[in-house]
Every structure is written in structure tokens, then in C-alpha cells.
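Participant: From first to last, the protein sequence lines are chains A and B. So in my numbering, the last spot in the first sequence is 170, and the numbers never skip. So in my numbering, the last spot in the second sequence is 111, and the numbers never skip.
Calculated from the structure, these hints are not laboratory results.
DEER-style ranges, computed between Cβ atoms:
| id | chain 1 | residue 1 | chain 2 | residue 2 | range |
| --- | --- | --- | --- | --- | --- |
| 1 | B | T82 | A | N116 | 30 to 38 Å |
| 2 | B | G59 | A | L140 | 38 to 46 Å |
| 3 | B | T22 | A | Y67 | 31 to 39 Å |
| 4 | A | G97 | B | F108 | 19 to 27 Å |
| 5 | A | T71 | B | A111 | 39 to 47 Å |
| 6 | B | S28 | A | E158 | 20 to 28 Å |
| 7 | B | A67 | A | Q74 | 40 to 48 Å |
| 8 | A | I69 | B | V66 | 43 to 51 Å |
| 9 | A | K114 | B | F108 | 34 to 42 Å |
| 10 | A | T71 | B | W42 | 20 to 28 Å |
| 11 | B | Q5 | A | P65 | 28 to 36 Å |
Far from chain A, by Cβ distances over 12 Å, these chain B residues were calculated:
| id | residue |
| --- | --- |
| 12 | P10 |
| 13 | L15 |
| 14 | N20 |
| 15 | T22 |
| 16 | G54 |
| 17 | S62 |
| 18 | S78 |
| 19 | Q80 |
Just so you know, these numbers come straight off a predicted model, no measurement behind them. All C-beta atoms, glycine included, are put in the ideal place defined by N, C-alpha and C.
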Amino acid sequence: KAGVTQTPRYLIKTRGQQVTLSCSPISGHRSVSWYQQTPGQGLQFLFEYFSETQRNKGNFPGRFSGRQFSNSRSEMNVSTLELGDSALYLCASSLVTGVNEQYFGPGTRLTVT
Amino acid sequence: GIQVEQSPPDLILQEGANSTLRCNFSDSVNNLQWFHQNPWGQLINLFYIPSGTKQNGRLSATTVATERYSLLYISSSQTTDSGVYFCAVERGGGFKTIFGAGTRLFVKA
Numbered sequence: 058k059a060g061v062t063q064t065p066r067y068l069i070k071t072r073g074q075q076v077t078l079s080c081s082p083i084s085g086h087r088s089v090s091w092y093q094q095t096p097g098q099g100l101q102f103l104f105e106y107f108s109e110t111q112r113n114k115g116n117f118p119g120r121f122s123g124r125q126f127s128n129s130r131s132e133m134n135v136s137t138l139e140l141g142d143s144a145l146y147l148c149a150s151s152l153v154t155g156v157n158e159q160y161f162g163p164g165t166r167l168t169v170t
Numbered sequence: 003g004i005q006v007e008q009s010p011p012d013l014i015l016q017e018g019a020n021s022t023l024r025c026n027f028s029d030s031v032n033n034l035q036w037f038h039q040n041p042w043g044q045l046i047n048l049f050y051i052p053s054g055t056k057q058n059g060r061l062s063a064t065t066v067a068t069e070r071y072s073l074l075y076i077s078s079s080q081t082t083d084s085g086v087y088f089c090a091v092e093r094g095g096g097f098k099t100i101f102g103a104g105t106r107l108f109v110k111a
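Chain A extracted, bound-state conformation:
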């Protein structure tokens, strides 16, 4: 069974631009969560989607948004990029929402210049 895939793997953007990252979960998994990893803040939860609905949200500004499609694939969008948005963005999938094992994708490394 294929694992979680994320595209693109690397991205360089300029301040003020916007970016869209994509995540395809493991087949059969319906929950997708997004995390931001930076050297200073570590791994921080962004949001979780299940059945096309946002179920939970972390403490990030409204510039960070996401959505989930009927096939469980998810996208996250960051608008008006700031230098501090440079990070590794990780996506995780699990069978259902709530308490269960998460499996992570390889991540998208975003650099904002």
C-alpha cells in the first residue's frame, strides 16, 4: 500500500506570494492533519480534516487555510507569505478522526525569501 505523498517536495517563494501544498493520504484513510516544523518552534499542529470538514485547528493566523476533497486528498494554502513561514510542512493521515495512529508524508520544504 502506498504511503502518504506530498507535493511539491521543495518550494521557494518570495514574501507576499501565496503557496498551495498538496497531500494524498494512504488509501482508505479519511483523516488528514497538517503540521509545521521549524527549528525554533518544533512540530506544531496546523489543522485536521475529516470527511471534507475541518475538525480541529492549531494556533496559526488566518493566512493558513486548508481543505479536503471527497477523495480525502487535502491541500493547505498560505497567503501573503512571510519570512517566518519558511519551514518543513508535514502531512499525516489516519483512518478516522480522533484517537488513532498517524502516518506522515515526506514533507514539503518551503523557503520564503
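Use these hints to put chain B onto chain A, whose structure you have.
Facilitator: This is chain B only, laid out in the frame that chain A set:
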């Protein structure tokens, strides 16, 4: 919210040595996972262990939920064990997953 503390923050071992990594959490949890992050950033699942003990080859883990801690044991360490080890906890019921700051392990040949 829940606080997750991992210790030690850094660990240097000689190949073949054993080690114990600890994860303390400040409130009851319904889920606890251990991950290994490789140098390319990939988080690899090690254990899903909300309670009890599990073993997988040279690795084993124990979670004592009533005392709010989990331990990850690495025996006969190898250079490929190098990387950062994270524990992550979840309370369920709509609460988000919280990661510890990680233990950075370097195994010398």
C-alpha cells in the same frame, strides 16, 4: 493544554551501546506515538503505544499512562539510528496532537 517533555535533549552514543529516551506528559492521553525523524525530514513510525509495552527488533517502548510517561529503549545502537526521536500525544475528543521537542541522537561508529 498538555505539556510534553522529552529527555535527554541530546545524546551521543558509541555504536553498540544501549539507551533510554523518556517522554513525560502533563495530563491523561488516549494516544501516544514514538517517531524517528531521519536526516531528510521523514517521520517514521516506531510505536503506537497509549499504554503497555511493545517490542520491535532492537527497539522497545513502555508507556505507563497512570504515571504519565513513556520510555523508548534502543539496544545495540547502530549509526543508522542517528536522528531525532519524537513522542507525540493526543487526548482525543477534538484535542490536537502535541509533539515533544525531541531527543537528538548521534551514534558514533
